[in-house]
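J.: Those sequence lines, one after another, are chains A and B.
Heads up: the first sequence at position 9 corresponds to 106 in my numbering, and the numbers run straight through without jumps.
Heads up: the second sequence at position 324 corresponds to 421 in my numbering, and the numbers run straight through without jumps.
Misleading hints may appear alongside valid ones.
No copy labels: a pair is met if it fits in one copy or bridges any two.
Here are the simulated lysine-lysine pairs, DSSO-like style, with alpha carbons at most 30 Å apart [stated by the list, open to error]:
| hint | residue 1 | residue 2 |
| --- | --- | --- |
| 1 | 241 | 100 |
| 2 | 241 | 416 |
| 3 | 180 | 241 |
| 4 | 241 | 393 |
| 5 | 317 | 196 |
| 6 | 180 | 248 |
| 7 | 304 | 140 |
| 8 | 317 | 180 |
| 9 | 196 | 416 |
| 10 | 416 | 294 |
| 11 | 393 | 416 |
| 12 | 317 | 248 |
| 13 | 100 | 248 |
| 14 | 304 | 393 |
| 15 | 309 | 140 |
| 16 | 304 | 100 |
| 17 | 396 | 209 |
Keep in mind that the hints were calculated from the coordinates and are not lab data.
There are 2 protein chains.
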Amino acid sequence: MDKTRIGIVGYGNLGRGTELAIRQTPDTVLSCVFTRRDPSSLKILTDNVPVYSINDIENHKNDVDVLILCGGSATDLPVQGPKLAEMFCTIDSFDTHAKIPEYFPAVDAAAKKGGNVSIISVGWDPGMFSVARLYGSCILPDGKDYTFWGKGVSQGHSDAIRRIEGVADAKQYTIPVEAAIEAVRSGSNPELTTRQKHTRECFVVAKEGADKAKIESEIKNMPNYFADYDTTVHFISQEELNRDHSGIPHGGFVIRSGQTGVNGETKHIVEYSLKLGSNPEFTSSILVAYARAAYKLHKEGASGAKTVFDIPPAYLSPKSGEELRATML
Amino acid sequence: MDKTRIGIVGYGNLGRGTELAIRQTPDTVLSCVFTRRDPSSLKILTDNVPVYSINDIENHKNDVDVLILCGGSATDLPVQGPKLAEMFCTIDSFDTHAKIPEYFPAVDAAAKKGGNVSIISVGWDPGMFSVARLYGSCILPDGKDYTFWGKGVSQGHSDAIRRIEGVADAKQYTIPVEAAIEAVRSGSNPELTTRQKHTRECFVVAKEGADKAKIESEIKNMPNYFADYDTTVHFISQEELNRDHSGIPHGGFVIRSGQTGVNGETKHIVEYSLKLGSNPEFTSSILVAYARAAYKLHKEGASGAKTVFDIPPAYLSPKSGEELRATML
Numbered sequence: 098m099d100k101t102r103i104g105i106v107g108y109g110n111l112g113r114g115t116e117l118a119i120r121q122t123p124d125t126v127l128s129c130v131f132t133r134r135d136p137s138s139l140k141i142l143t144d145n146v147p148v149y150s151i152n153d154i155e156n157h158k159n160d161v162d163v164l165i166l167c168g169g170s171a172t173d174l175p176v177q178g179p180k181l182a183e184m185f186c187t188i189d190s191f192d193t194h195a196k197i198p199e200y201f202p203a204v205d206a207a208a209k210k211g212g213n214v215s216i217i218s219v220g221w222d223p224g225m226f227s228v229a230r231l232y233g234s235c236i237l238p239d240g241k242d243y244t245f246w247g248k249g250v251s252q253g254h255s256d257a258i259r260r261i262e263g264v265a266d267a268k269q270y271t272i273p274v275e276a277a278i279e280a281v282r283s284g285s286n287p288e289l290t291t292r293q294k295h296t297r298e299c300f301v302v303a304k305e306g307a308d309k310a311k312i313e314s315e316i317k318n319m320p321n322y323f324a325d326y327d328t329t330v331h332f333i334s335q336e337e338l339n340r341d342h343s344g345i346p347h348g349g350f351v352i353r354s355g356q357t358g359v360n361g362e363t364k365h366i367v368e369y370s371l372k373l374g375s376n377p378e379f380t381s382s383i384l385v386a387y388a389r390a391a392y393k394l395h396k397e398g399a400s401g402a403k404t405v406f407d408i409p410p411a412y413l414s415p416k417s418g419e420e421l422r423a424t425m426l
Numbered sequence: 098m099d100k101t102r103i104g105i106v107g108y109g110n111l112g113r114g115t116e117l118a119i120r121q122t123p124d125t126v127l128s129c130v131f132t133r134r135d136p137s138s139l140k141i142l143t144d145n146v147p148v149y150s151i152n153d154i155e156n157h158k159n160d161v162d163v164l165i166l167c168g169g170s171a172t173d174l175p176v177q178g179p180k181l182a183e184m185f186c187t188i189d190s191f192d193t194h195a196k197i198p199e200y201f202p203a204v205d206a207a208a209k210k211g212g213n214v215s216i217i218s219v220g221w222d223p224g225m226f227s228v229a230r231l232y233g234s235c236i237l238p239d240g241k242d243y244t245f246w247g248k249g250v251s252q253g254h255s256d257a258i259r260r261i262e263g264v265a266d267a268k269q270y271t272i273p274v275e276a277a278i279e280a281v282r283s284g285s286n287p288e289l290t291t292r293q294k295h296t297r298e299c300f301v302v303a304k305e306g307a308d309k310a311k312i313e314s315e316i317k318n319m320p321n322y323f324a325d326y327d328t329t330v331h332f333i334s335q336e337e338l339n340r341d342h343s344g345i346p347h348g349g350f351v352i353r354s355g356q357t358g359v360n361g362e363t364k365h366i367v368e369y370s371l372k373l374g375s376n377p378e379f380t381s382s383i384l385v386a387y388a389r390a391a392y393k394l395h396k397e398g399a400s401g402a403k404t405v406f407d408i409p410p411a412y413l414s415p416k417s418g419e420e421l422r423a424t425m426l
């Protein structure tokens, strides 16, 4: 079998998850890893796969069929995405929803210039949750969407707590409010405020002598991050944090509540939910499936930026259309 | 706006549902209805829409952009599907899973000959459930699929009971076993027998003087339909059946349970579920969304048979790619 050769850019949680996801697919192979660090300092899990400096990436265009960009959306991808799309077919998990309308055309222009296919904003939100929202709204046009996140670790909120004076370490969980989910599932189409949809739970390690009451108040009143939520703060030791909160679980729910009939008298509920042991490992499994799709499209002569909305589900599979119809339809 | 003109073939539950679904979309319009009955005897819900005999369908090729075939899979579609695909872009809900491998090429050849796009086996199973199974298996290749149906009315099983001697009327519900669903959700990847996954509940109206014990025994021991299930039988009056069991609700669950990590140590659960007030109204809402997709593909020059696996999600939407990226990604 002609395997799709994948290159990884950035070897953090997402990069390692991608390396593991490639091992689970018979039709893709890890070709190389690109890093900003000194390549000789980086030990990856797979034997006999070279690690190169990101600065040399242009010299490896012929070693890679699809490049999976595992950097962050804040500063890495806005630069790397358009730059690398000109040289390679790429997949990224750009997740700054508000900036997608400017990121997409930048990547699109570069990918078209290079004759490559680049699928942006791949993952579960944006990604699988977006697909669930789209299918739901197309099938039940008279209806309402609800997205709940969690229970899971929010990296951004954990970071925000860590920046508070007196905090040594912290982990924040986003938790959907069960009563709100049940109200949505009942078909009552409730209007829900931010506070009614999610609560936030924080596990904080305070530095010695720090003012815990002040830390708690700063967290609970932090604008955007916590002020609009019911937030609970638990102070624990570093040992407890390491022991009980080292995982990166996440998940959530997309629910479409809609009505049909002569006067909307028939109610329907469509629900898509995820319960993830590891957010980065699940996200990278999605990235690898879309890498397969990008390469198929590229071989068909397509080019330009795409999103999950543009990819036929069959393109994610290593199986033929005939096999899929016989076994999965 | 240039509306997609839809023709309906067959005006039963699915045809009526399709008529209602078209009303909910701003970009499609019901052009005409084709029936096997005397057209003058058929009163449809929409004013000023003509009803024609199915025998005259060839004369109306220019009145219709996409034809939605609302006949049954047992005898109607195997004949109509290939025949009409040569004249029109078509959508159908062919749901005999085992016969899809022969139905697809028959429709494909006809659609290609006519230069049309025909999307077959559209609905929720096959259809949305198939898409959920496909996404799940591509994202978590190391895992297991589970499909549960219900609680809902099975038309085929209700019909089978009605054919028993002494039965005046009947309704059968397929019910998923909650304990089995919970076992799957726990990530334990259980092996489940037919009996462990679903139970069957029957509401039966016996004819006067009929032997109820014999009817109950015949139901419970009917091969394929009931013998492999725990089945309960309730005898009720026709009035009770009409009052309490006239709806056609359905639903179900597709769950992908998979693992990632170095040694499969990380568990993930992906769940897609439906709770439908009316099986035919929901199914026909899906048919109309795919009619939109078929017409877009046809305008792009595509032809041949397709399934839900081949259709990019964006094609189901009346919105542009730019709008979708800005609002739904």
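J.: Which of the listed hints are broken here?
T.: 3, 6, 7, 8, 13, 14, 15 and 16
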